[in-house]
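Participant: Chains as they are written, first to last, in numbering that gives the first Met the number 0: chain B, 0 to 455; chain D, 0 to 155; chain F, 0 to 897.
In short, the hints are calculated from the structure, not lab data. Some hints could be false.
Restricting the straight-line Cα-Cα distance to at most 25 Å, the calculated cross-link-like pairs of lysine-lysine (BS3-like) are [stated by the list, open to error]:
# : chain 1 : residue 1 : chain 2 : residue 2
1 : F       : K29       : D       : K107
2 : B       : K75       : D       : K16
3 : B       : K22       : B       : K7
4 : B       : K192      : F       : K155
Values in this document were obtained by computation on a predicted structure and should not be read as measured data.
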Amino acid sequence: MPVVEYEKALLPNIASNETEWLKAYEAGGGYAALKRALGMTPEELVNIVKDSGLRGRGGAGFPTGMKWSFLPKGAKPRYLAVNADESEPGTCKDRPIMEKRPHLLIEGIVCSLLAIESEWAAIYIRGEYYNAAKVMQKAVDEAYAAGILGDNAMGSGKKAHIVVHRGAGAYICGEETSLLTSLEGYRGYPKLKPPFPAISGLYGKPTIINNVETLACVPLILTRGVEWFKSYVHEKSTGLRLYSVSGHVKRPGVYELPMTVTMKEMIYDYCGGIRNDHDLKFVIPGGSSSQWILPNNLDFALSVEGVASAGSMLGSAAIMVFDHTVCPVWAAVNTSAFYRHESCGQCTPCREGTAWMHKILMRIENGGATMKDLETLINVAGDGRPNTGMISGKSICALGDAAAWPVGSALKTFRHEFEEHIKLGYCPYKNKRYWMANGKFVNETFEHKPTWGAHH
Amino acid sequence: MPVLAHRRDEIERLCAKYPSRRSALLPLLWMVQEQEGWVSQDSMREVADIIGCTAAEVYEVVSFYTMYNQKPTGRHHIQLCHTLACAICGSAEAGEYIKNKYGFTHGKSMSDDGRFSIVEVECIGACSNAPAMLVGETLYGDLTPESIDSILGAHA
Amino acid sequence: MADQTVHPSLKPGTEDIRFFLNDREVVGKKGETIITVAAREGVYIPHYCWHPSLSVAGNCRLCLVEVHLPDPRNPDAPAKPAPKPVIGCQTPISNGLRVYTESKVAQECQQGMMEFLLVNHPLDCPICDRGGECQLQRYSMEYGAGHTRMADEKRKFHKPQADPLIDIERNRCIMCTRCVRFNDEVGGEHVMGVFDRGEGNYIGTFGQGPVSNILSGNIIDICPVGCLTSRPFRFKARVWELAQTQSTSIWDASGAKVTHWTRNRKLMRTTPPSRKAHDRYTVNEDTEEFIDNITRFGSDFGLHADRWDESRIRIGGTLIPGAFVEAVRQAAGSLAKTKVNHGADSIAVLVSPRATMEEGFLAAKFARTVIGNDNVDWRMSFATAASADAASLAFQHADGDLNDGFSAVVLVNGDYLHQVPTFAMRVKEYARLNNKPVIMIGHHHDAYFSKCAGRRQYGCRPAETSRALELLSLAIKGDAAGNGELAKIFSVAESEVASLVDLLKGVAGKALLIQSLEDMNGAYLPSEVPAALTLKAALGATWKYIPVLRDRNAFGLYAVGAQPGRLPGSEEAVRKAWKINEKAQIPTAGGQHARDLVAAIEEGRIKGLLALGADVLYSYPDQDRLLAALEKLETFVVSDLFNSEITRRATVFFAAASNLERDGVMADLEGNLARLKDVDGPTGGARPDWETLTGIATMMGSTAFAYESVEDVFNEMIRLVAPGFRGSFTGLELAGPANDHSVQDPGGARRRTPAYNPGDYRVDGAHLRWSSEPFAGAIPAVAAEAPAAAGQFLLTWGEHVQGDDYHLNHASIAHLLKAKPYVEVHPADAATLALEDGKRAVLTVGTESIEVTARVRKGPAQGTLYFPAGLGGLKLTGLGESLTAGLQPALETELASV
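This is chain B alone, in the form it adopts within the complex:
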């Protein structure tokens, strides 16, 4: 099938290793949106963003304009926290924005500060993104020197301050309230909701948290227009989107596409299909928290609604592709190990549940598990749908859900393989060898095909 090329508005320079510093950014038309925004009222700005249909690009997909309008009138001060914690496994699309087009993000932040009548924003960058933090700090320094940031932003008389703040290794700090707690200087514990951050957030004040990519869209909407943004649409999902594709495709990478593209097109057209002519085993559409999709179910659009209709979630748009050499039990072990390691430990179901699931899964994978264990695991993890099982819906934050859903989904889609592991007492994929990026690491000596095909 011929591959349809779309424009790149967010990351036209994605292939370059150069950073677009202030001079280059302005030469390319940068900060025109901010100049426009300075001439508008906050209400106008919020309405533009509402009209555009922009939804959060971090994972929850909440309509951005609506979130902004939740701030209580008149309550000051209010803050903006930029979620650059990007830690959802499979996701690597905020980093290129920060490293290659830092001023796009800065412009988006300042426009948003105007919209929500805030004077102070913090960019919370995960600790592992050393380079992104350095680039952002240098760009922020440039912006201060040029008078874009400061007590008199662009001569408007309004204040706009940005602090670049680094995390120190905690996936949970990508959860919005946990990000705030970490920013306040504490362990990254999610807060009880309600009250929601728009009412009581950072330091107890009204706060908006937005993802990097979400804010990067704002200047584009202001310069290119709402109609342009809405011209890319699937159901209620508008605008171009950055997809992080990884795993066993021929061309992994970050793809900027409208959300009308289907999963099948993404894997086979844009990414060149499965490496080494292997078969597709399963695909995860939205980061490791999302439910697994089987090969017979790929004809859905990669929008919020489209992926939901396929029984999963778009989340952070991190697509991971697994070929037939991957043992689903092993993948479940790896996923549950991640959540076990990242659980903050505050609440009972997540703290105990993530560890328990991992322990049972390890025994299924390595031997020593019984069918009773499988029943227990299904009971604990649920079936991949929200509020099923002992963890989902009972924890303080969504990490409990995020830990349970993939395990529940794996159990549902590959139940027979879990049973086979238990009956055998070992993993039948054990002779496999992994392939490195250019396929040249160790030669494959593997030949396991499941005795019955993917079903459901």
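Using the hints provided, position chains D and F relative to the given structure of chain B.
Facilitator: Relative to chain B, chains D and F alone:
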């Protein structure tokens, strides 16, 4: 021995950027680690004093976040991702390769000559360039045995 | 972190909210959460992390309930199930909400959470002290699934050796974080923390140090499981073997209630009042009636090996044990003889500040009617008689309490946390949670209040406090001429003084002026008390006054007239009650002050002494001088518990009943009564003092001591002291509240609602108050102290509950309860000395030096040091003269560790 005594002006400027002084806690710990390579109990007490909280509160933070080293590391600290995307693209083999070739004996995480230390970490956000690792502050993706040799060889 | 949740013990709103609880319509108040209203309606929701005194954590998830939400656009439509269950401890009630606590969803949540908690919990029940009062055991039975499916290895921790009093068994911890929050919020310092992350996270202290604050023992009770247990109590008994006696602390003038748990009469442990769960009383894990560590761990002094439990008479040079009757005869005889030989005024009666009101009453009656003098006193801790009288003036005008909170509080001096711990806790917590102004004036500010956001501190030198209060009252009355002088005293700008005056004037509603009488042994009280009372008068009628003295029954002894110049009631009533002839004089003047007693004995004016308690004599600072004086007495009758230096000099010794062996009533700082309760009678040949005094008085010929029980004494006493009393002696006994009382009334115990406080004056009418007239007397001037030389500081001091104390010295773990000497130094002074918090330093006073730990706090005023005397090492017999002291960092040696 107070390690940040000579940087008090810089510290006050840092604290002034935030509406609440406590927010400077994580940045201060980064300052200590970037200067000393790790965060000791004494420096935790010092940071507690600067912020105005208890040493227990500082240790709560240090022990929560995985990137604060509570022990000295090798001259070049390797953080190798082992989460899903990297794991299905060879991170285990990359780890074995590094440990076998670069002087890590008996399952230790520090090479015998103190040149490298290695730790397996969760997803570092380089998934489409799997397998990936950080050496010091630099990210390297698309690892192969050759590229590993080239990268680590350049770190004396 | 910013606490997003509403604290349980904040007062809810006034608007009614109607909602449904298990399909029954109930009413609550706006702002209340599901859990409290449910408890009130008899529906108990299981919980671990929620506690009525602590911020809401919402992490155990055991209180998850099913809710159905009404549709705001369609109120008549049936409520729809919410997408997820919600936690009952944090979810506010709303109109039309339908809550189900026992539905399938709720039960699944409860079973699920219980199973999760048991996944890693060790099967320690057979060896765990918490067995029988454990919430994990209880909830497993009531809400659990009854079996575990866990077949993997449990996570395990090494056991820390951190605290001498509190055992931490980490494997049992369910991470509810009650202990962490308690220390941070109530204890005042975030000394415990949660370390590491995820399943492997654990609770501990930094560097495995101890949990070092006077209220730390309470985490033992509020820990729902056996993670935090009492080390002194470890493995000693099973709780169901123990008898419980509800009594009151004899250490804390706050009036704290306790439960003594005994086995075969022997005290095994002391806790806050137990509460009824099902058919039995157990420790109350939701208790708000926190007690200090001395009360908790130090109440067993009656078991000390040096206990003398038989009366003794001096024959020749030795004290020979004998029958009680013999000792009574001997005491009566020798007192009568001394009276005949040297006159009535040659005999003095001393009463322990920990005596009951009945004992003080009888001691005073004995002095006035049997001996015929005014020489009865208990106030040994004051530097001079004038200080003691100033303290009594303070009591005369006391009219404050913490009922229903306050709009603002002024604290004059004081180290409240270490003197009246639970009173300090209640004041501090109310001010902190309700964001009330806390204005601290004087040479020492209690650092315990450092987390009160509304705190304003004004430091001055000790001799200047009185002048500061005086100038402040003038300013409030409108005369700002002294503002400049006041600004200089406080070392602040004059505008700051003006703003303070405005703040005070702007306070609406009940406010409190709290003054410590403990500093410097009361040296400056003769001026400071009138100054404080003048300030109170200036502030107006809504301001109430609470003087603070740490002696447990100070108020009670003042009330019953156990001191010179006071009668327990009107003269007419006393005459009638004591059957005193109309023509006879009741001696109420010229009495011997306790503090001057030693001099009086040395000068031969006092020949006979009857002391109820040797502890009152132990408080005299120069023990050598005291012991020498005692040997000069012709008659020395002492009723006490122990063989000690003091009691060995008696001519007659009466074995007294201990704090667990007698009944009586004590009064607290707020003028409420509390019952001391006898567990099972006195040990051996010991007798309660009411019997001893009755015996001696009767044998000396009095017919007015015909008491058959201590209740008889109480009835006579209370009719005089509080004619409005409408309760009874037995009615003052505390019964443990019901199981869920703390849940349905968060903050109730702290507010001392009558359910928790049978001695509440609002219920029994016994309000110990004496003067309602505003004070209009003069304020004596105080000579300014000489400024300290360069490099020196003015030394200030006060009492400390963990210091040298006659009874505490005999507690079984006294060595673990005493605190090491420390000095509080202001941060600015510490900086000039290059002294860091927690480091060792050398304090030099005159020619004496001791090693102390430096505590850098905004406690003492700049230029002064605060030293808790009694933590040992320095003889501060300066008796109120201002002292200067030097402080230097200690030299670091290889052996010294931080």
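Participant: If a hint holds in the structure, say so; if it does not, say that too.
Facilitator: Status of each hint after checking the structure:
no., hint, in the structure
1, F:K29 - D:K107, "violated (59 Å)"
2, B:K75 - D:K16, "holds (18 Å)"
3, B:K22 - B:K7, "holds (20 Å)"
4, B:K192 - F:K155, "violated (32 Å)"
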